[in-house]
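Asks: Chain residues, written in single-letter form:
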Amino acid sequence: MNFIGMDLALIPDMVIFLLEGNMKAKACLAVLGFLLLSCRTDVVSAQAAKRSAGEAGPIRVIYLEKSPHWADRFGERAHRDLLSQEIVRQSLLLAARDELGLTTRDAWLGDPMPIRGDNPPLEIEPGAKVPSELEILRGFPASQAVIAHAKIRFPYETSCYPDVIAVAERLSRSGFVEVLKQAGFRGKPHTRQADAKVPEEVERLLAEMTFTSQFQAIRALHKATCVEGESAGLLGALTRGYANLGVLTEFYWHPAHQVFTARALLYAERMASQDKGSNRARWHKAYAFALAGLPAAALSELKDASDAADQGSAAEQPAWVDLIAAYCRHDLRKLDPAKAPARHSPLAWLLTYRALELEKSDDRAIEAAKAGLREMPDCYRLHEGVCQFGGVGVLHEGTLAGLVAAGRKLYARVGAMPDLPTSPDEFLSAAEPLVKEHPYHVFLATHAWDRTTQKKAREELAKISPEGIELQALPLCFALADSAPEKCIEWGKDASRHAPSTERNLGLLLESYPDARPAAAWRLLQISPYSPMAKFCLITFDWKNTEKLAAEWEKQEVGHSVVLSALGQQYSKLGRLEDAERCLKAAIEASPVMGHYGTLAAFYQEHGKMDQWVATMEKMLDLPDYGLYHARIRASIAGYYTNHRQWQKARPYAEGAAQSYSAWGLECASDCYEGLQQWEEAEQMLRAEAERYRGQELGWYYFCKRTGRGDLKSAGDLARKAIESPAEDPIAAAAHWCLENQPAKALPPAEKAFAETNNPYSGLFVALVADEIKENHRRDAALRQVVTKGPGYRGGPRNEPRPELVALGP
Amino acid sequence: MAGDLAGGGKGEIDVLAAEKAASKGNADEQMRVWQVLAKYLDLHGRPEQAIRLWKKCIATARFRAFPYTVAAFELLRHGVRLDQFKVLLQQSDPLAPQTKQ
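Top line first, the protein sequences correspond to chains A and B.
If you're matching positions, the first sequence starts at 1317 in our numbering and goes up one per residue.
If you're matching positions, the second sequence starts at 4 in our numbering and goes up one per residue.
It should be emphasised that the hints constitute simulated quantities derived from the structure, not laboratory data.
Backbone N, C-alpha and C fix where the C-beta goes; we use that ideal spot for every residue, glycine too.
Heads up, a few of these hints could be off.
[What the hints assert, rightly or not] Restraint ranges, calculated between C-beta atoms of paired labels, are given here:
#	chain 1	residue 1	chain 2	residue 2	range
1	B	Gly10	A	Thr2104	20 to 28 Å
2	A	Leu1893	B	Ala30	26 to 34 Å
3	A	Glu1775	B	Asp17	15 to 23 Å
4	A	Asp1831	B	Gly10	48 to 56 Å
5	B	Asp17	A	Pro1968	26 to 34 Å
6	B	His81	A	Asp1766	37 to 45 Å
7	A	Gln2058	B	Ala30	25 to 33 Å
[Unchecked claim] Below 30 Å or equal to it, Euclidean Cα-Cα: the simulated DSS-like pairs (lysine-lysine) are:
#	chain 1	residue 1	chain 2	residue 2
8	A	Lys1772	A	Lys1725
9	B	Lys27	B	Lys13
10	A	Lys1497	A	Lys1592
11	A	Lys1619	A	Lys1539
12	A	Lys1809	A	Lys1779
13	A	Lys1925	A	Lys1889
14	B	Lys89	A	Lys2029
15	B	Lys27	A	Lys1925
16	B	Lys13	A	Lys2105
17	B	Lys27	A	Lys2105
18	A	Lys1655	A	Lys1725
19	A	Lys1965	B	Lys59
20	A	Lys2029	B	Lys27
21	A	Lys1889	A	Lys1871
22	B	Lys13	A	Lys2061
23	A	Lys2090	B	Lys89
24	A	Lys1965	B	Lys58
25	A	Lys1889	A	Lys1901
26	A	Lys1772	A	Lys1497
27	B	Lys58	A	Lys2061
28	A	Lys2090	A	Lys2037
29	A	Lys1889	B	Lys27
30	A	Lys2105	B	Lys23
31	A	Lys2061	B	Lys59
32	B	Lys13	A	Lys2090
33	A	Lys1650	A	Lys1676
34	B	Lys13	A	Lys1965
35	A	Lys2068	A	Lys1779
36	B	Lys27	B	Lys59
37	A	Lys2090	B	Lys58
38	A	Lys2105	B	Lys59
39	A	Lys2061	A	Lys1965
40	B	Lys58	B	Lys23
Bound conformation, chain A alone (with noise of 0.2 Å):
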């Protein structure tokens, strides 16, 4: 089996997320923790490449590139995404693997193909006027050429990937063996063996929703296929392990998910095949499915699987079917960890934060995740998942505890492993480039302070072209949406038309690209009957076809709160303010949490009940707190406050905001205070904030230049230096010269913010300048820039145009 590229494939991902949370030193931890991992799997790939070119007689391995032409070649059609592509390319590998007994070599798994030799690589393309006459090619890259056909029947929808498994898979037993027979290859299938069992060891290490577990699980099975033979057993126990490893890594910037997806749904496939109409291989279908994000195939198969048993069927149901059906209803009640059966409590955290995470709640996913993490505290998985929703709050601690864990747990994990080499300098050698020349590693620098730094480095990535970008990777295109935005296009548009129609994908493109609703949402209710955020959707996007469902939805959804939460907002625009707050409330029932009371609060801001608006935001602070919401909360009454200029009912909400010691909770106290003309408590709170927070050392000099109070010379100093510095815009040491009275100094970077921008405010700003230094041609060619540059500025937090400043110029 091939599973030995996986590791050299992930590190440089998973390096780029740990390395997103900003913390570089514990980020070494884990580089070095995933380098030895990859590096010991790696040479065990190395030796078996040196045992396969050094036998003498029939080739024995099997190398598969990458298809780089499947998604250009379907086009706009369905099956253009990469679970389509890797449920092909993989039933070929199946074919190899299962049918013929050989070892196989994935491109996708980040094994090196070879370039010269006599068993060049085989690639398999859609065909090029016919995408579903597919084309298995064969040959080093100047060399490759068409080898056979295969016709596979491609469903027009989408939603039927149950149909694509089956053709493939049958593939995988007749057709592609044909074909690898055809190119020279010969093996023999694995025996048939009904009475293998799955290890205990193994079921232990199933039930571990940690990486290294299921790698760990996968290799003794294929070894026990190998050995004793492939039974049910032994398939089932692949489908889980593949699939629950398609999960714990469905998050980094890498495909290689999508091919341990589509083996899991291969392998349940293969089950079901030779162990026709039983329940067993249904309910390990079921369990692909689900894990695949295919919730509506997968409760199809519990129907069966339940008819069935209703007439007679005497297998014995796993104890974690009743998890995966909970799961697909997204019914949280019955997904209880607490209530999970031995051993599956792992899964049901797992599966748990995963539809908490797929609703989108916040709060209860970060419950979920740090609950689950104290259970399995090495399942990267729920860390990443603690920093995707945590507030500053958690993420101070939650960008370091995977790392961390990771430190404590890899070495022993991966030293616990049987069959695997134990050379470092060996591993590391091979997998060090693997980091240092990482595509995207320049990524690392477009958040870099210094903005000659950024902005090198988003040229850098715009060089590069990222091969299977997914949408979980489109910080990579955000990066660009300034600098190179037809790129930001371009692979935004990519990582769209490789996602497949799954809950996960189909909920990251609702997020991400209003155009695709509310098309999207349909499809994602097919294929997820009781998905909230589907609901959610298209209550919110298109009411005008789902009103007539709304109060039935109502009634249903009681457990639902976002779906609930949805309706009080629909109703609200409609003016239906009874309805809209009875659902609002009835959201914050059935889910106590921070965004519930937000919307309920925000519903009361706008129909101008600001008591009841007072009153809910003071609730959310009984709430746990995962970030720095308490604080925004009080920064937030503080400010409806002091826009009504009470400034000692602002004062108490003013001084808890500025205790979290954020920017914006030290302005929030520093405004109220200036408003109470108590200079020292507001120079206090701008002096911690320049002296804090890099990029806001000119607050301090501005509020000393103002009041004429404060300690001028520690804020002039500290001011001084900000403007020195490459990260600094130009307009700002403009600024700082003219309330240092030198406007002649003011002058040139004031000019330059103006080049830079064609902002009409520092178009006049620069003729009052020159004007004020009697450069009067300097004065009057900025003033002719304002009326003839300043139209086509679009600026500020709207990016809307200045036209009142424009019209000063002429």
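Starting from the known structure of chain A, arrange chain B on it as the hints suggest.
Replies: This is chain B only, laid out in the frame that chain A set:
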């Protein structure tokens, strides 16, 4: 401004008309207009009009907005300190949309 400069730069701008035109913009934009206009008027011999506009900036109580800082700074140069605005700061923000309380 260019028109006034062409006519000798005497600060003969119809300030009320300019303020009225600026009122179409959002609150931040209006304050920028007041501040720019005030500076121009001050440079061209109209300090009283400039002070009136800078005081309007102060009345917004948008302390951390740059035009506010410039307005307060310029007022200080003209001997007007923020301490004098305690009462002004109890009055409602001329730029705030009317919200219910």
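Asks: Run the structure past the numbered hints and jot down the numbers of the failing ones, going up.
Replies: 3, 5, 8, 11, 20, 23, 26, 34, 39
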